[in-house]
Every structure is written in structure tokens, then in C-alpha cells.
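Go by the hints and put chains B, C, D and E with the ligands onto chain A.
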Amino acid sequence: MSFVVERSPVPGWLTERISNRHLVAVGIGWVTLFFVFPILFLVVESLNFGDGSLFEAYRRAMGGVYVDAFVRSFIYGFVTTVLTLVFAYALAYYLVFVSDRVRLLLTLVVVPLWVAYIIRYFGLLLFFSPTGPLGELGLEIDLLFTSTAVVLGLANAYLPFAVLPIYNSLNAIHHETINASRVLGAGQFRTIREVVLPLSTPGIVAAGVIVFILATGSFLGPAVLGGPNQAMIANEIARTFLEAYNIQLASALAVIYTVLLVAFITAFNAVFNLQEALGNL
Amino acid sequence: MLEVTGLTKYYGELLAVDDVSFRIDEGDFVTLLGPSGCGKTTLLHMIAGLREPTDGQVKLRGEDVTELAPEDRNIGMAFQSTALFPHMTVRENIAYGLRMHGYDAEERDAQVQEFLELVDLPDHGDHFPDELSGGQQQRVSLARALAYEPDILLLDEPLTGLDRVLREEMREWLMTLQRELGVTSLYVTHDQEDALSMSDKVIVLDEGEKQQAAHPETIYEQPANEFVATFVGKSTTFDGTVTTVNDLPIVETESTRVAVTGDHDDGEDVSLFVRPEDVDVEPVSATADGGTTTVSQTGSTAPTAAATAENAFPGTVEKVANLGNRTEVTVTLESGETALANTPRFPDIAVGDEVTVTFDPESVVVV
Amino acid sequence: MLEVTGLTKYYGELLAVDDVSFRIDEGDFVTLLGPSGCGKTTLLHMIAGLREPTDGQVKLRGEDVTELAPEDRNIGMAFQSTALFPHMTVRENIAYGLRMHGYDAEERDAQVQEFLELVDLPDHGDHFPDELSGGQQQRVSLARALAYEPDILLLDEPLTGLDRVLREEMREWLMTLQRELGVTSLYVTHDQEDALSMSDKVIVLDEGEKQQAAHPETIYEQPANEFVATFVGKSTTFDGTVTTVNDLPIVETESTRVAVTGDHDDGEDVSLFVRPEDVDVEPVSATADGGTTTVSQTGSTAPTAAATAENAFPGTVEKVANLGNRTEVTVTLESGETALANTPRFPDIAVGDEVTVTFDPESVVVV
Amino acid sequence: LGGESNTLRFLGFGGNTQESQMEVFQRWADDSEYEIEGTSAGGTTEMISMIQQNPGEFDIVALNDTGMAQGQEEGVLAPIDLDEVPNYTDNIRDGAQDLTFLVEDGETVGLIRENGATGYAYNTELVDRELTSWEDIKADEFEGDLALLDRAVDRFSNCAVAIGADINEAADDEGLLEDVIAEAEAQNANCFSYWSDGATSIQYLRQENATVCEAWGGRVLALQEDGYDHIEYVMPEEGAMAWTDTLAIADGTENRETVHELLNFTYDRENLLDLSDMMNYTIQVEDPPEEMTDLPDYAPVEDLAFRDWSKILPLQDDWSERFQEVKQS
Amino acid sequence: MSVTASIRRASLVRQGALLAVLVAIYAFLLVPVAVVILTSFTGQTFPAIPYDGISVQWYAELFADNQLLGALMTSFVVATSASLLSVAFGTAAAVGFVRAEFPYKQQLSTIMLLPMIISPVITGIALIRYFGMVNVSSGYPALIIGHSILTVPYVFLLVRSQLVTFDEDLEQASRVLGADSTVTFMNVTAPIISPALLAGFFISFVVSFGEFTATQFLISPGSSTVPVEIYTMLRTGLTPTINALSTVLVVIMVVAALLSRYFER
Ligand SMILES: Nc1ncnc2c1ncn2[C@@H]1O[C@H](COP(=O)(O)OP(=O)(O)OP(=O)(O)O)[C@@H](O)[C@H]1O
Ligand SMILES: Nc1ncnc2c1ncn2[C@@H]1O[C@H](COP(=O)(O)OP(=O)(O)OP(=O)(O)O)[C@@H](O)[C@H]1O
Ligand SMILES: [Mg+2]
Ligand SMILES: [Mg+2]
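Residue numbers (this note's numbering), protein chains in the order written: chain A, 22 to 302; chain B, 613 to 979; chain C, 613 to 979; chain D, -2 to 326; chain E, 680 to 944.
Don't read these hints as lab results, they were simulated from the structure.
None of these values were measured; they are calculated from a predicted model.
Treat the hints with care, as some may be off.
Straight-line Cα separation of at most 25 Å, DMTMM-like style, residue types lysine to aspartate or glutamate; simulated pairs [unchecked claim]:
1) B/Lys931 with C/Glu638
2) D/Lys135 with A/Glu161
3) D/Lys135 with D/Asp163
Extracted from the complex, chain A is given alone in its bound form (with noise of 0.2 Å):
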């Protein structure tokens, strides 16, 4: 029995002045009173109105580490992604075509959210540490501490989100579209690669820009994982505020690195239309 209910619980007179663009600027001011005003004050605490020049910060972060850091972190959100997406990709697709168990399989791949980040990286840590259950059996494995690991751990933390987008995208392709392919003369393989992916896009790019701004941005991971050579952005960013205390510096990164990737998010919506593959996830 659905619940119905029979009288508005909001005045007829309100309910008629209400109108659909009242709700988008809701949602706008919402997101803007809490997080556009305090980011561009942020930036605005990145200007020097001390001695120097105003862009003395940014001047800084222009230097030595924070490259590295904002090259690494661009790299290996890369690299992560597309290591992610084929992960995603193979598990959705089980899931979409060949698998009976869809829900059980499905939880399975959320399950690890409800674990926290760092516990999940500890995990990780104690796997491949000597001690860990591949040491006992004798396995020397040496990976831990370097940039191979790293994005391992943040393939790892960050699958569930790829696997989403994805299911929904195969979810959606008409089964009678694969049907044809075979029809028409194309091997399971070449219909995969003509039909399915293609037509996957959608979801595949919609993964690809979580993980990729989730991973551009990680400071777990390089933590727990990493070496002295894999500090990413985010922990250059968190250092300079709670180490070096330069909450100017800290804000000229914060500014640079936002820039840079919605700059980057930017050329890839002109390949794609990324509104509508975000719609998949």
C-alpha cells in the first residue's frame, strides 16, 4: 500500500508562485552561500596585501616541489583512472551480461565504502608489507612505498566509483543492438569493441572524470602508500597549512590546482559532452 498524501502541505497560494527556475536558484544559492563565497574568499586570502607583490604566493607555488607535486598528482590521477576504468569495465560487464548473482555481486562492490579510506590504505599496507599474509607464504613482493603502489591504492579506493556509471551505461544498451552485431557478422570481441564500448561511452567518461578529479585530488593514498617521491598536491597543500602554517601558500595551491583542473575538465567537455555522460552515474 503506497502512502498518498491528499492535501498540500504547502499553501496553495506559495505552491502556485513557486516555479521551476525558484528551484534551480535554490539549489544555486544553496551550493553558493556554502561553497562558491567561502572558495572565492579563499581566494582572496591567496593575495598578499602585505609587502611584496600580490602575487607572491602564487610566485612560490610556481617553484620546484609543487610542480613535482602538481605533475605527479596530474600523472597518477591518470594513470589511475585508466587503470580503474578497465578494472570497472571488466566488472561491469559481468555483471550486465553474464552474471545471475547482480545484487550480491553489486554489494560486493560498495561494500568497501563503508570501510574508511585510511583503514582500507592500513589494509593494503599490511598485505604487502613482509609480515603480511604474502610475506608468510613466502612472497617477496616490493611495492609498497612507490608510485606503483600508490595507484594501486587509489584504483582500489576509488573502483566503486568507476563500477556505477558503468553498470548503468551497459545497463542501458539494448541487448537487441549486440544481437545485431553478431547477425551482421562481428565475433563477440569485434562486437565488443564496435558496439558495447562505443555505446558505453557515456558511463566510461562519467567514471573517468570522478576518478579522476577523486584521484588528481588524494591525500591518503600517498600517504599511507608513498614514499618520500609521491607526495601528491593535496599533501603539499595540507602541509604547507598544518606544517609551514602558510595558509597564503596553502591557498595559492588550493586556486592553481582547482584552476587547472576545471581547466582541464573543461577541454575534455569539448571532446565530450560531459553534462550528459555525468547524467549516468
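Only chains B, C, D and E with the ligands this time, still in chain A's reference frame:
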């Protein structure tokens, strides 16, 4: 060309296709007709290799292909949903099968252009499917299925979902195309007009079983059983037992008698079917001897009409449906049966009128 | 009951409904007929209050409701898509309108049960819509639209998408229901059979403009213009100029002459329409004086048939479509026109046959 | 949300030191109408930020020397009236009471609690010789098996010690600083990871990620007590950087008097000895008992060089960045 | 789930290969969870694989650890309230953006996605400094607002994509049946897009529940969340209570997911 033997498919417990066998000769257009859920798509998919038969065999050009993957069968198929690839242009859609069949770029372009013209869409090659109307999409789907010159074309209700006008147009167009190319075709539909108007042979399917396979005229005029008689075209139906009166065959129903023709064994239980277009309706007041019914056949009194050449029954008009070119009149006979008659358009008959329903014994189908 | 005056709707630049006025009397069943995209849904939505008219007025029971929200108009509406609430059972769907109209629980239950029985689904109250067949869903949709006893029932192509058999069944059922309840109804369709068979009055719409509003028979027999004549039923068409020969009206086309009836001014440019069911086709070899064509009217030679009571034209059979109860024969006349004729089923006519096409001057519609 | 009037809120680092401290506080609370609620934060900056964001919410805080210096700069600390804490002046050695970061403009703002030194520890099962010096950790055999502390000032302090220099001098002497940094780079060569919290150093040792790991003595003691007695703590012969934890009063407290009372109770000798025992660290009491002098990093205040935060704090930003470069060298 | 037969017909070898790849990916994905569950049964005082015998002492500790349970409570309260806010604002915005036509619509909708694009470190720092300025106190108000900002893009995206396929006839039917627009939303729109609302709520909930980076700046005494608590414990050493807690949450989640099938119609 195509030979199907003992094809059977179980979905778990459900028997979707039950031991179906038939053959299609080179160049023929054969229709598989049956109600929704009778197993048509399943059958077609087994022929295409998209589903594995539980039992039975599919032969193409004499070769057993039952175990072959769909891509190795050289079959063309048009889907009810069109199943055009939404991410490819019309041209790319048509070229797809050609690429998979190893045509080189030049042949491909030529073939695509030829088929674009054949389906009357020479300027639509660079459109995407969602920019075309339903009928245009169906034509592209056909071009795609035919471009690589498959051995046989399978069509799964390609016209369902189109509106009446478009449907009739597409039907004509499809027939023309098929005759032009001479491609062997198996057409699946639940629409009897499609089946009767297009095919060399109609195979009627019900609940997974083949009911009859014959020329459209035979299907309509000599249905093999009650299912075929009622599913293909409307009918007035009587059930009864054959007796012979005055050397003429008569079927005695619970409450009346119907004159029929042909050789029938006395005592045989039969069903009778009369097509509405073979049935005439006349207002009682218009008959020569005004007053009440011309012929009374209530109860089990001796039939007076049985010996005459024509069956005539009194009744009351139940419904009058003007369908434009004709009017369908439903009459409840005094004997209890419901008779259907087609009259010329907008007749002077209204619901509640007392009428006489007549039909020729020749037009009665005895099953 | 319902009165629509000068209703107009622009979508940006596009004029979707152009100054349409009509009225519907209490208890009538009126059909709005027109091709896809002609503005039927737009018109209906303006009547229901779901879209705001650019101009014009809607009156219900004499009261101007143009400015009223849809929920305040007491209208019942059945949607083409059924628009049943998928998360509610059949019972809850039907009860929804009753709740919103303030029926109390007891009345509601009684009313729901009554309408479930009325639409012949007494045992389906606890099913969800997706557990019902298409026809059953349509009936629930109707029950939902009627249960709270609206002043008027609007139906937007409720039968589109159903297959032929189901559609005919639903059509009968809908008429019975409407007569039983006596509810004023406005029915939108692009199907001429729907319109002709069900309505007290048909309003034909094209490109947003009202073309004709009349009884079905008038629409079919005396179409107001060419659009109505060709959209409502098929026709053989001739264009020409009226002349009078032997006191009888004749229409002279580019290459032939057609005898007509009625009063027409000489020199008037007219279009002629003949329904296929009024046209007869006979094989030339079967006519009394065997050999070639009976009547020759090629070029601009003087017509020999014009003075006779019957129009007869020689031609070649182009297409033969067996539609079960009848066969549609397309003939290309020697004079160039294409004639359509219905013959009894499975005639002895094949494509390419030389035939004579005849029709009565009485059956020619002059517009 | 606001603290009820008879609750004292204590903000600390959490973990063992916090638990030990709370136990002593609890002894006092048991005899008063007050309750003590402990909160912990992730780091110095977080703690200071929490005091700033929640004015009046905290009464007493435990900060390390860096935190004290930073806290003074941010103005989150209230002066302490030593007259109200006689136990402190009585029981803590004089030399430990006026360290630079405990005093602001002549007024005491922090009371020294425990202190220790950051030496290193190693896994004796994996190393077959005894390690005694900062030089030893640079041996090639430890490449990729060494973990160091991830805090610029601390790291540079130890490197200064390693080359026999004073970090406070390096603050003024660019040439000396370069030498210190060169040493940091030399040590970095073997380092696979820098840890930023004591737990991680222990985790590295335990999980054998690290063979040698810069570490805090108390932590290593606790690890040994857990059965890892093959982990050996080394107080390098060159010495090691000293760190200090202090107690301070949060600015804005409404319980000034009571807090003083609580502090006085804490600095009762018995309580101090218990604290030291629980924490495994030195507390600079007069006449330290033997258990304390036996601690691996025990040293009387006279032997320790404390950092001059008035010099170092302004350099922290720069050093942090230099250290970042060291890591990437 | 219907299965495309053409894929089913792949050779057994291929199926086997696919299965192997799949098992490997799942193993990779679940390694951390498996380690966490295993280590929760250790007899040691720190997370370690219990090679020699299991112990449930940490579960006992967990239920006695008021600080952690308090943080768990905070996490739940914050995640629930923030998710509700996100669902409300995200849905309002999604409905508006799908239904209304106005200039620069596409560009404006990017604003709704910004919180997802900008790193939470930045969001955290920006928010806490802003909250200081506008007098939003840290703790629950800051946490709830902050988390709802961080999660609103997910709801917005999910609801919007569902609304695009929503059949507006249903709303129109409801209007004609006599319900005004608010009642229609509650009776028809909301229940039908409820999968998206639920998914949005779920994603918001887990994101909020696991958020540490921005959260560390927003907490106040007495309103620490589980990840922050964990991070604080990090300095001094994690005890396996955290692993016990994680295990409990995982089990609750799996059981709930499997049970929910029985409550569906
Ligand atoms: N994959 C499947 N699993 C189980 N049952 C199925 C499957 N596909 C079809 N069926 C069942 O098999 C029977 C035949 O289905 P099929 O699709 O072949 O019918 P159809 O004649 O094509 O019907 P329609 O005209 O509606 O397309 C139906 O009862 C259907 O429900
Ligand atoms: N919301 C809209 N915005 C712009 N144009 C519209 C809109 N709705 C309909 N139209 C256009 O208005 C015209 C009339 O549309 P309408 O839906 O009323 O036609 P219809 O007669 O109901 O067609 P159909 O039989 O296909 O349902 C069409 O050209 C259509 O494209
Ligand atoms: Mg089918
Ligand atoms: Mg419409």
C-alpha cells in the same frame, strides 16, 4: 534453402517452441504468423544462432548450421526495434555488415550507396538513426540486413509500432524490394493482414506449435483447425454434428441447422466458420413477406431452410461499427450464436433492428 | 457542455493550434481526427489546463475555465501512454482521483469496486500496472479517469500501440462504456476507423486548423475539402474542370473525362474522389466483346463513355494486396491516374493484367 | 554544546600519553564536583585551530614545543599564575621551568611535562651488528629499509646533531644550514618513507617495512612490551633532538582557578612519577628515581639542548619547503 | 536480468577466462576489506593478521569504547542529516534544471558540480575560515552543512539523469485527477524517482560517512566523526577496535542489502 527440423526450445520449464519443422525454398517470402508470446522470436533467434535450441536442427543451403555462431551463418536480420547502432550514421550502419564480411573500402562505398538508393534514402547517409522517422529507420535496418547479400533475410515484426498509414506504405515497399532482390525471406508477424498480403506461404504458430503451413488463400479459405480459422480473420462460428438430409450435408448444432457443402461423414463433430464478408444482413421488414421472421428454426423443429441453397437465420442487431469502406454488423441469432456480417458502408441498419442473416453453404468452412 | 472559442497556441514561432472553435453537447462522443503532429494533443492539453493557450477561451458548463489550474477543472483524461502510476496498485490508481476530490474512504472503496467491475477487471485491483496487458492497462486508465465522475472525459489516442485484435475489442468496449455512463467525451485519434466507428461527431484537424466538423457519414461521403477526402479513407483522385455534355455534368481532366452527378458550374476547377469500395475491376478478357480495351480514352479524343451511366477506364494492374476479407487492387489507368479498387477476397487478378475499372457517377465526390 | 560549568575540557594528542594524563586528572576529579572530558586532535595545527574555532570550549591543553610556539603566536594560550601551582615550582627542576617556549613576555604560559629524544630503532633479527651512531643508518645495506620522521624542523635538528652542530645556530648561519641539509640528503638516500606520527614508525618496524626507523623511545619500549623485543632502541652517540610536551591553559577558559588547582594536583610528585611510568618518558623531577634514569632516552635537563622557537618558528615555512626538496633529491 | 544469448554462447574457454579476470578484480577490490575483517580478530593490541588464534576481545572493547561509539553516533547523525539536505537541495536543483528553460542553463549547472571537482582539502579550509566569518559554529552545524555541500553533486547528477527519463504524462495525469503540483510531486514524482533519491542518499551517506579530509577542519570537541577519530588514533596507534567497527558496518551493510530483496515487491 532453409530447412528447420524438430526445432524445440525450453526456457526452464516453459516450452516456448515445440518440435517445429518447415522448409523455405530459394527466393520465397514466407511468413510466420502467430499471437504474441507464441514463440516466433524464439524460433527466429534459433535460426539466426542467437539462441541455442534445446533440440532440433537448422540447415542453410543444405549445410547443418545448428552449432554455428550467428556471425558465421551469413544471415540478414531486421529487428522489431530496428536495433540500429545509435552511435553510427546511417552509412556506417549499412557498412557495418560489409566490413564484417570483408568487403574492401571501395566495394563497401559502392554497395552502401546502392542500398541507400534502393531504400529511397540516398541523401540520408550521414544522418544518425535518431534523426530519422520510424519508417525511415526501418528501411535503414533493412538496407543494413541486405547490403552484404545474405543467404536469407529474417524479419522480426519490422512493421509493429508504425501507424496504419505508414505501415501500409512500408508493406508495399518491402514486397517490392524483396521481389527486386529475390532474397529468400522469413517474416515474423502477429498481423494477419501482413501475412496474407505479402507471403508465398504462411506458417501459423500457436503456443510454440506449428498449426498450418500453406498459401495465404488456403490459410484463409481452408483453415486447418479452429485456431487458424479464428486467428486469421474474423468468423461466425457454429459447433455441431454432421447429418445428411436429402443427400445434402447438414450440420446440426444445439439449436439450429446449417447447410454446408463437401464430403463429410455422418455423425462427425465439426466446427463451422463463415467469414463476415460472406454473410448478408437484411432488415426483416424489407423481405417480401413482411411481418415476422421469414424462417423460423428455433428449438429442434425440422429445418425448413436446410434443403434450400441458402442458410438464413433471424436475429437482432447487437452492434454496428462503421469502418469507412464497410460496416461491421454484429447480430445475435435467435438460436443463440453471434453472427458477424460486413455490409456496404453506412447501411440503414441500427442496433436493435430485427434482421435476417443469410450465407451460402459454399462459403461455410467445415473443420 | 464544452465550448472552445478561438483557441490558439504558438510554440515559439510554430503555430501548433490555429484559432480552433467548436462545442460539444452533453453526453456526446466527439472525435478529433488528424495526422500526427497536427496539434491534437496540444488542443486537448489546453482544454485540460495542462498548457496555457496563447489565445482563446475554454468554457465548461458555461463557465470560463481558461485560467483555472488542471486540478480545478473536474476533467477526466486518459493518456496515450496510459500514464498509470507504476508504484500504485490498480485499486490505488483508481482511488487517487477520488482522494483528490475528497471522497471519504467508504465512498472511495465502493466507487473503486464499481469501476473495477465496470471495466471488467473485478479481480485485478491488487495488481500493479506492469502486471497487466496493454488492453487491461487502458481499461484501468479509463476507470481512473471516470471514477470521480468528471464533467467531461478527454481521451488522447488511448488505443494507439495496441495490436489490431485488441484494438477492435477495446473500441467496442469503450463505446459501450461511454453509452452506459453517458459521459461527454472528446476522443483524439489519427485513426479514421476509430473516428468513423465511434463518434457522434468528427472534427478533422490539419496543421492546427479545423477542416471539417460533422457526422461520420458526412465526413466520409461529403468531405469538405481535399485534405478530408484523402485523409479519411483511401480514394482514387482526379483533378479537372466541369463541363456539361448532354445535360449531364462531366469533369474533364488532362487526359480523360469522368461523369459525375449533382449541380456544378461549368468551368469550375474541381477534384474528384472515388472510394475503392465503389470501384469495380474486371479483366478485359472477361468483358463481353473480348479482345482489347472496351473503351479507349487515350489522348484528348472525344470520350465515348461520358454520356453513359457508368465511368469505365482501361488500365494495367500494378499491385494486388490480399487483406483477408477483401483485396485491394491498384490499377494504373491508361490516362495516367492511379485507381484503387476493392474486390472480393483472392480475385483472379494478377499484377500486369489488363483490366477495366468502372464506377458509378453517383459515387464520385466532387470537391 | 557549550561545556557545562562543572566540566573541564582537556585537549590532547590522544593515545597513551592522553590516557595517562586523564588517569591522573581523574584522581583529582574523583575528589571534586568536576568532571573532566578529554578530546584529542590529529596534530598541532588541528589543536590550535580547534581552540580558535571553539572559544571557551577548552580549559586545558597538552602541546608539544612546536605547538607551544605556534600557540603563542596564534594567541590561544592564557598565562599561568605559578603562585597557584606551588607543586610545579617545588618538584620540577629549575632549569626546566624557563625554557623559551614556556615563557611569553616574561609570563609563564606552559608547564613542562614529559620530554624525550628522537633516536632510532632497528630490527636486530635483520641486522647482525650493533648500531650506535647516526652514521650507521646511512649504510648501503639499509637502502629502502630506513624510515625517518616527516617534520622539517625535527629532521633538521637530528641532522644538526649528527654533524655535531646546534640547530639554533644553523638558524642564523646559512652555511651551517647547508651542511645540515646535506646531511639530511645523505640520510634521505636510504629512506623509503617519512612517518608523521609515532604509531606509523612502530607500524613500520612491526610490519618489517622498515629495518631501521627513527623513533621515540617510549614507543619502542611499549613495542618491546608487546613482545617485539628484537626491536632495539638506539640513542645515537652523537646525541638526538629533544622534544617536550607541556600543559597549558586555553585562552578563554571560564575555569581559570579550577584549572590551576588541577595543574597543581598534577604536579604532585607522586603523580608525576606515575605519569612518567605510564608514559615511558622522562619528567624533569628533582631526584629522579632509578626507573626513570633507566629509560633509554633519559637525560637531565642540563644535558639537553632545546630549540629556540623564537628563531626557528619564522623559518619553519622555508625549512618545510627545503625539506620537501631533500625528500625529492 | 536478462542475458544476451549471443554472449552466453561464447566458448567455455572464454567464459573461464572472463571469470578468472573477474575473480582477480574482486580479490583486488576486497583485499583491504578482507584484511580489515581478519585483523579485527587479532589477539594483539594492534591490527595484525591473527596467525595464531582469533579473539573477539576487540569487539568487546568496541562496545565499551564510548569515545568511538560517540564518534559513530556523530558520523551517523551528520551523514543522515547531510544526506537529507543534499537530497532536498540536489533534487530541487535537478527538477529545476530539467524542467525549466533559461539562458546559460548548461553553464550554471556546472556550479552544482563544483564541490565534487574541488579537492576536499580546499573545501575544508575554505569552509572553516568562512564559517568563522559568518558565525556558523564548528561541530554539527559546520559538519552537516559542509558534508551536504560535498555530497550534493552526487544527488544532483543521479536525480537529473533519472528525471530525464521520467514520463511527464504521469504528473499531468495527477494534475488532471485533482492534485496540485506539490501533492503531485509527493505522490507521483518522488516515489517514481525514488531509486535515484535512494541512490543519492546512499552515495551521500557513504561519502559523508567516510569523509576525512575536509571534516578534520570542521569538527568541534564532542562532535568528532569516525574517520577523524581514526586519524587521531593514528598518531598514537590504531587499536583493532576500529577494525571491529569496520567489520560490524560491513556486515550490517551486506545483510541489509540481501534482506532488502525480500522487502521488494
Ligand atoms: N529469455 C527468456 N527466458 C524465459 N522465457 C522466455 C525468454 N524469452 C521468451 N520467453 C518466453 O517464451 C515464450 C515465447 O516468447 P517469444 O519472445 O518467442 O514470443 P513471440 O512470439 O516473439 O511474442 P511477441 O509477438 O510478443 O514478440 C513467451 O512465453 C515468453 O515469455
Ligand atoms: N512543448 C513543445 N514545444 C515545441 N513544439 C511542440 C511542443 N509540443 C508539441 N510541439 C509541436 O507542435 C505540433 C503539434 O504537436 P502535438 O503534440 O499537439 O501533435 P499531435 O497532433 O498530438 O501529434 P501526435 O498524433 O503525433 O501525437 C508539432 O509540430 C509538435 O512538434
Ligand atoms: Mg517477438
Ligand atoms: Mg499527440
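Evaluated hints:
no., hint, in the structure
1, B/Lys931 with C/Glu638, "23 Å, holds"
2, D/Lys135 with A/Glu161, "24 Å, holds"
3, D/Lys135 with D/Asp163, "21 Å, holds"
Violation of the numbered hints given earlier is absent; every hint is satisfied by the structure.
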